[in-house]
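Undergrad: Model the full structure from these sequences, guided by the hints.
In order, the protein sequence lines correspond to chains A and B. Our numbering puts the first residue of the first sequence at 9, with every later residue one more than the last. Our numbering puts the first residue of the second sequence at 9, with every later residue one more than the last.
Misleading hints may appear alongside valid ones.
The list cannot tell twin chains apart, which means a pair is met if one copy fits it or any two copies do.
[Claimed, not checked] Okay, derived cross-link-like pairs now, EDC-like style, lysine to aspartate or glutamate, Cα gap no bigger than 20 Å in a straight line:
{"#": "1", "residue 1": "Lys-499", "residue 2": "Glu-535"}
{"#": "2", "residue 1": "Lys-560", "residue 2": "Glu-176"}
{"#": "3", "residue 1": "Lys-392", "residue 2": "Asp-420"}
{"#": "4", "residue 1": "Lys-447", "residue 2": "Asp-316"}
It is worth saying that the hints were derived from the structure and are not from the lab.
Number of protein chains: 2
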Amino acid sequence: MALDIMIEEELPPPGSPDIDIARAASMRPIVALADDRLGVPAEALIPFGHYKAKLSLDYIASKAEAPKGKLVLVTAVTPTPAGEGKTTTSVGLNDGLNRIGLNSMVCLREPSLGPCFGMKGGAAGGGRAQVIPMEDINLHFNGDFHAITSAHSLLAAIIDNHLQWGNEQDIDPRRIVWRRVVDMNDRALRNINVGLGGVAHGIPRETGFDITVASEIMAILCLATDLADLQRRLGDIIVARRHDKSPVTARDIEADGAMAVLLKDALQPNLVQSIEHNPAFIHGGPFANIAHGCNSVMATKAALSLCDVVVTEAGFGADLGAEKFLDIKCRQSGLRPDAVVLVATVRALKMQGGVAKKDLGDSSPEAVERGVANLRRHIENLQKFGVTPIVALNHFVLDSDEEIAVVQQVCDELGARCTVAKHWAEGGVGAEELAQAVKDQLDQGTPEINLLYPDDAPLKTKVETVAREIYRAAHVDFSSAASRSLDEFSKLGYGHLPVCIAKTQYSFSTNPKSTGAPEGHTLEVREARLSAGAGFVVIVCGDIMTMPGLPKRPAALDIGLDGNGDIVGLA
Amino acid sequence: MALDIMIEEELPPPGSPDIDIARAASMRPIVALADDRLGVPAEALIPFGHYKAKLSLDYIASKAEAPKGKLVLVTAVTPTPAGEGKTTTSVGLNDGLNRIGLNSMVCLREPSLGPCFGMKGGAAGGGRAQVIPMEDINLHFNGDFHAITSAHSLLAAIIDNHLQWGNEQDIDPRRIVWRRVVDMNDRALRNINVGLGGVAHGIPRETGFDITVASEIMAILCLATDLADLQRRLGDIIVARRHDKSPVTARDIEADGAMAVLLKDALQPNLVQSIEHNPAFIHGGPFANIAHGCNSVMATKAALSLCDVVVTEAGFGADLGAEKFLDIKCRQSGLRPDAVVLVATVRALKMQGGVAKKDLGDSSPEAVERGVANLRRHIENLQKFGVTPIVALNHFVLDSDEEIAVVQQVCDELGARCTVAKHWAEGGVGAEELAQAVKDQLDQGTPEINLLYPDDAPLKTKVETVAREIYRAAHVDFSSAASRSLDEFSKLGYGHLPVCIAKTQYSFSTNPKSTGAPEGHTLEVREARLSAGAGFVVIVCGDIMTMPGLPKRPAALDIGLDGNGDIVGLA
Numbered sequence: 009m010a011l012d013i014m015i016e017e018e019l020p021p022p023g024s025p026d027i028d029i030a031r032a033a034s035m036r037p038i039v040a041l042a043d044d045r046l047g048v049p050a051e052a053l054i055p056f057g058h059y060k061a062k063l064s065l066d067y068i069a070s071k072a073e074a075p076k077g078k079l080v081l082v083t084a085v086t087p088t089p090a091g092e093g094k095t096t097t098s099v100g101l102n103d104g105l106n107r108i109g110l111n112s113m114v115c116l117r118e119p120s121l122g123p124c125f126g127m128k129g130g131a132a133g134g135g136r137a138q139v140i141p142m143e144d145i146n147l148h149f150n151g152d153f154h155a156i157t158s159a160h161s162l163l164a165a166i167i168d169n170h171l172q173w174g175n176e177q178d179i180d181p182r183r184i185v186w187r188r189v190v191d192m193n194d195r196a197l198r199n200i201n202v203g204l205g206g207v208a209h210g211i212p213r214e215t216g217f218d219i220t221v222a223s224e225i226m227a228i229l230c231l232a233t234d235l236a237d238l239q240r241r242l243g244d245i246i247v248a249r250r251h252d253k254s255p256v257t258a259r260d261i262e263a264d265g266a267m268a269v270l271l272k273d274a275l276q277p278n279l280v281q282s283i284e285h286n287p288a289f290i291h292g293g294p295f296a297n298i299a300h301g302c303n304s305v306m307a308t309k310a311a312l313s314l315c316d317v318v319v320t321e322a323g324f325g326a327d328l329g330a331e332k333f334l335d336i337k338c339r340q341s342g343l344r345p346d347a348v349v350l351v352a353t354v355r356a357l358k359m360q361g362g363v364a365k366k367d368l369g370d371s372s373p374e375a376v377e378r379g380v381a382n383l384r385r386h387i388e389n390l391q392k393f394g395v396t397p398i399v400a401l402n403h404f405v406l407d408s409d410e411e412i413a414v415v416q417q418v419c420d421e422l423g424a425r426c427t428v429a430k431h432w433a434e435g436g437v438g439a440e441e442l443a444q445a446v447k448d449q450l451d452q453g454t455p456e457i458n459l460l461y462p463d464d465a466p467l468k469t470k471v472e473t474v475a476r477e478i479y480r481a482a483h484v485d486f487s488s489a490a491s492r493s494l495d496e497f498s499k500l501g502y503g504h505l506p507v508c509i510a511k512t513q514y515s516f517s518t519n520p521k522s523t524g525a526p527e528g529h530t531l532e533v534r535e536a537r538l539s540a541g542a543g544f545v546v547i548v549c550g551d552i553m554t555m556p557g558l559p560k561r562p563a564a565l566d567i568g569l570d571g572n573g574d575i576v577g578l579a
Numbered sequence: 009m010a011l012d013i014m015i016e017e018e019l020p021p022p023g024s025p026d027i028d029i030a031r032a033a034s035m036r037p038i039v040a041l042a043d044d045r046l047g048v049p050a051e052a053l054i055p056f057g058h059y060k061a062k063l064s065l066d067y068i069a070s071k072a073e074a075p076k077g078k079l080v081l082v083t084a085v086t087p088t089p090a091g092e093g094k095t096t097t098s099v100g101l102n103d104g105l106n107r108i109g110l111n112s113m114v115c116l117r118e119p120s121l122g123p124c125f126g127m128k129g130g131a132a133g134g135g136r137a138q139v140i141p142m143e144d145i146n147l148h149f150n151g152d153f154h155a156i157t158s159a160h161s162l163l164a165a166i167i168d169n170h171l172q173w174g175n176e177q178d179i180d181p182r183r184i185v186w187r188r189v190v191d192m193n194d195r196a197l198r199n200i201n202v203g204l205g206g207v208a209h210g211i212p213r214e215t216g217f218d219i220t221v222a223s224e225i226m227a228i229l230c231l232a233t234d235l236a237d238l239q240r241r242l243g244d245i246i247v248a249r250r251h252d253k254s255p256v257t258a259r260d261i262e263a264d265g266a267m268a269v270l271l272k273d274a275l276q277p278n279l280v281q282s283i284e285h286n287p288a289f290i291h292g293g294p295f296a297n298i299a300h301g302c303n304s305v306m307a308t309k310a311a312l313s314l315c316d317v318v319v320t321e322a323g324f325g326a327d328l329g330a331e332k333f334l335d336i337k338c339r340q341s342g343l344r345p346d347a348v349v350l351v352a353t354v355r356a357l358k359m360q361g362g363v364a365k366k367d368l369g370d371s372s373p374e375a376v377e378r379g380v381a382n383l384r385r386h387i388e389n390l391q392k393f394g395v396t397p398i399v400a401l402n403h404f405v406l407d408s409d410e411e412i413a414v415v416q417q418v419c420d421e422l423g424a425r426c427t428v429a430k431h432w433a434e435g436g437v438g439a440e441e442l443a444q445a446v447k448d449q450l451d452q453g454t455p456e457i458n459l460l461y462p463d464d465a466p467l468k469t470k471v472e473t474v475a476r477e478i479y480r481a482a483h484v485d486f487s488s489a490a491s492r493s494l495d496e497f498s499k500l501g502y503g504h505l506p507v508c509i510a511k512t513q514y515s516f517s518t519n520p521k522s523t524g525a526p527e528g529h530t531l532e533v534r535e536a537r538l539s540a541g542a543g544f545v546v547i548v549c550g551d552i553m554t555m556p557g558l559p560k561r562p563a564a565l566d567i568g569l570d571g572n573g574d575i576v577g578l579a
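TA: Pasting the structure below:
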């Protein structure tokens with residue numbers, strides 16, 4: 009079949025736009041790749057075109073007792089505008105692992121449609137370390153986010169319909185917490201009044217829209233272990249309070265069944281490939297602040313039953329991403345990482361050391377010396393969980409040997425192996441050293457992972473533990489509203505849940521300008537929200553934006569089709 | 009390959025729930041069906057699972073010069089709560105045509121997700137005349153409606169963003185006509201205030217949501233002839249007026265390119281099959297009141313290049329559906345029907361004759377005698393377009409011979425062939441007589457179709473022509489607002505567009521209770537709206553609902569998954 013022909017392609021040189029590299033890359037038919045790389049038969053795949061497929065839930069269930077591979081978590085230092093390349097490193101590491109002879113796949117989050125049209129651009133790796141087909145992955149992909157939007161919208165419509173037709177559950181319209189979502193950056197929808205226009209058109213009330221990735225349903229899809237668990241979690245969602253303040257769930261208003269129907273296909277992980285034809289699941293993409301920021305448990309577990317090694321990532325820096333990966337995703341699912349890779353760049357560390365983005369071109373080992381405190385802090389934090397990370401220094405062409413030496417010295421001090429990774433420019437061959445380091449670590453056996461707090465600690469103690477151990481705050485200051493909420497959640501029987509702290513990703517503290525490794529600060533908790541379906545309590549510190557706006561000149565204005573019907577302008 | 013095994017199945021007996029029949033039916037792999045039934049190679053298909061596929065635009069373009077098949081339009085008498093079975097008849101007729109040896113396919117509209125959860129249920133035919141996989145078709149299908157929702161949402165976000173960042177185009181926020189859409193029945197979103205909460209969150213203004221099928225983008229997708237035409241039409245959408253009242257288009261705010269990117273895949277027709285394994289395109293589904301109510305031009309034209317006969321349908325009764333099919337879809341695309349089938353049922357005609365739904369079980373040739381005036385009127389109307397329809401009497405088990413005889417006599421009088429069709433109970437074999445009648449008509453040659461009015465008639469004259477010739481109104485009463493708008497549209501250069509009259513589908517008049525064949529009434533035109541991208545002027549007569557509400561007990565509450573993960577409760 010013509011689709012099966014493989015050619016060794018000449019890719020555009022490093023530094024070319026990601027989309028040009030992605031488009032120049034050949035793709036293997038996904039059915040063939042699934043067969044010879046994962047042993048997955050064609051019947052277990054639901055193809056979406058020739059290069060994407062979903063993996064059936066029945067097949068995943070049939071592999072429940074299969075031997076499991078080793079799990080590698082990729083996390084990073086504190087994010088800066090310079091970019092760290094966590095997804096790029098995950099893809100490159102996976103390509104490298106396959107190059108050195110391991111049977112490995114990577115599990116990533118799905119990009120959100122909204123930000124593609126704002127300024128963030130796509131999120132499918134970069135350079136020679138990308139997953140493809142890049143345009144599909146960045147746009148509608150296989151419809152998962154649309155399904156989440158639909159299920160979320162249905163629940164919202166059923167709530168307002170319940171009010172309209174007699175309000176049998178005695179819902180207090182002022183205490184409806186279920187907002188609406190759309191997968192678009194649309195600031196005008198943040199705060200709205202609905203139900204206007206008279207008696208036939210609903211009960212007037214205040215509400216608003218969030219972006220789809222902020223939906224609790226996104227977190228639920230990513231934590232559910234099967235269809236029954238998905239529906240149970242959907243039913244557990246608390247949508248409002250009654251006039252007596254008791255919680256009303258999605259199950260109380262009988263919305264959970266239809267929501268599960270809408271999400272049934274979306275629960276299936278999506279299989280694609282890297283530029284180097286290595287398998288990748290891309291599935292789910294919850295926010296890393298008000299949710300846990302990891303791809304689905306379904307995808308990670310399925311991958312572990314198909315491969316010897318699975319590389320996955322968690323959002324933001326290790327203080328937020330790795331902590332939530334461990335204390336939420338691992339706690340709920342039983343997963344544990346066998347190795348952790350901490351991504352850093354010389355540029356990011358220089359920014360942590362106070363260098364402005366425009367000055368990053370100049371070599372400055374002194375700035376790295378100052379900024380490396382950030383890296384040190386993250387390594388020490390991960391050691392508290394019982395694992396010393398492998399540091400992946402994601403190489404940039406202007407990095408000087410002196411700068412790199414500073415990083416290596418700190419790693420040596422802390423017993424962390426440091427490797428320079430050049431996958432962005434070179435693809436998997438540039439990540440072979442990193443891959444070998446990961447392989448060596450896996451060969452040494454599995455670390456004993458300690459979660460940060462036990463389930464039965466009080467909710468406030470959980471927050472205080474994360475604040476003290478990870479953020480190195482001296483105090484936690486709970487607002488009276490937050491205190492009241494946490495007490496109430498405990499009384500309602502949710503005290504055993506883990507906490508999901510929503511704070512700025514740009515600092516260990518709540519001040520995004522406080523770079524490096526601040527300590528002794530106060531963590532101010534403004535609000536607590538219960539995500540009873542997802543199974544965590546969100547601790548809101550500072551302003552958390554759940555509906556982004558578009559910039560003055562959105563990326564959308566430069567996106568279009570050329571004369572051949574090909575997409576241009578998608579970053 | 010296991011998927012290729014065909015078994016002659018025992019389907020559940022007539023009267024079983026549609027979903028049970030649909031699920032019991034075997035399906036052929038769509039790639040095999042496309043190959044041996046349509047001559048379409050695998051490379052031209054984009055599969056969505058094993059039983060659905062999109063047909064590539066490149067392949068469609070490659071068939072531009074292929075010989076074209078004959079087009080059969082299926083339309084109906086005035087709708088009643090008894091149901092007429094237009095989609096069911098279209099599917100059954102196609103199965104019948106294939107049974108008698110013709111190479112035929114059917115083109116239908118896609119169901120809307122929202123109404124599935126309200127009370128309408130699905131829309132994929134019924135009984136033994138269905139298209140499958142029924143659940144997929146009724147739920148997310150291949151993502152076309154989600155793509156339309158996304159493109160619509162993007163344009164809305166760009167408009168409000170434009171206001172927020174300085175309003176370079178001087179848009180009058182009170183004159184923004186572009187609302188938002190969601191594919192859900194959500195009455196609380198009909199009238200909303202957005203942009204609340206302060207300076208960072210947009211400009212406060214009144215707006216609202218419609219259901220996705222009411223989006224002008226839906227009409228555009230269904231009238232576009234290729235990707236370039238799609239983008240041109242998207243750019244032509246008028247979203248607002250400036251303070252000087254001049255129109256602002258989507259092109260003016262540079263939204264058209266990104267919208268086209270979002271809709272690129274949705275423009276590809278979706279191929280599925282009937283229970284009897286005959287090919288079907290299901291593509292697009294615009295409202296039949298504020299839009300033209302037909303599946304896409306892309307699908308119809310592609311089908312004509314692949315088959316000898318193509319069966320298609322138009323929304324509501326022939327007064328609305330067939331008129332718009334001819335005066336909008338055919339006018340714009342150059343398509344012309346070679347035969348027309350008019351679907352009627354004894355039950356519907358009895359309701360037209362004044363019988364209540366609960367009394368339909370009793371034979372009443374007298375009621376049919378009264379109600380058949382409705383059928384007569386539709387036949388005469390179609391004759392004005394130059395074609396005498398074949399009447400398909402969609403058989404119901406309680407129809408008496410005396411009742412049927414009344415229908416046959418009227419058909420004889422008007423020179424229309426009348427056939428009793430039993431596809432609902434029997435599948436294609438029950439529609440063989442109808443199929444033979446259609447074949448005979450096609451063999452007689454192509455009728456000379458007259459569109460109802462020339463392009464260069466004034467807009468008011470176009471409305472008056474439809475009102476007089478089709479609705480048999482004595483007068484048209486334009487509100488002063490409507491008159492002003494129509495004058496303005498002409499001045500702006502849109503006077504050449506056809507009109508799309510939005511009125512109740514339940515009567516020739518604007519009074520839904522006026523059954524049979526009323527005449528001499530007044531058509532009251534309340535408002536005129538310009539759909540410059542779709543290419544028609546909407547003439548609003550009476551209240552037209554563009555966002556349905558949910559009933560007291562929505563169908564959603566009974567939809568769910570059973571223990572095997574199979575969907576239950578989807579009608």
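Undergrad: Run every hint past the structure and note whether it holds.
TA: Hint-by-hint comparison with the structure:
1. Only within a single protomer do Lys-499 and Glu-535 lie at most 20 Å apart by alpha-carbon distance; the minimum there is 17 Å, versus 57 Å between protomers.
2. When the C-alpha separation of Lys-560 and Glu-176 is checked against a cutoff of 20 Å, the pair qualifies only between copies, where the shortest distance is 11 Å, while the shortest distance within a copy is 46 Å.
3. Proximity of Lys-392 to Asp-420 under the C-alpha cut-off of 20 Å is restricted to the intra-copy arrangement: shortest distance 18 Å within a copy versus 90 Å between copies.
4. In this assembly of identical chains, Lys-447 and Asp-316 lie within 20 Å of each other by CA distance solely inside one copy; the values are 11 Å within and 62 Å between copies.
When each numbered hint is compared with the structure, no violation occurs for any of them.
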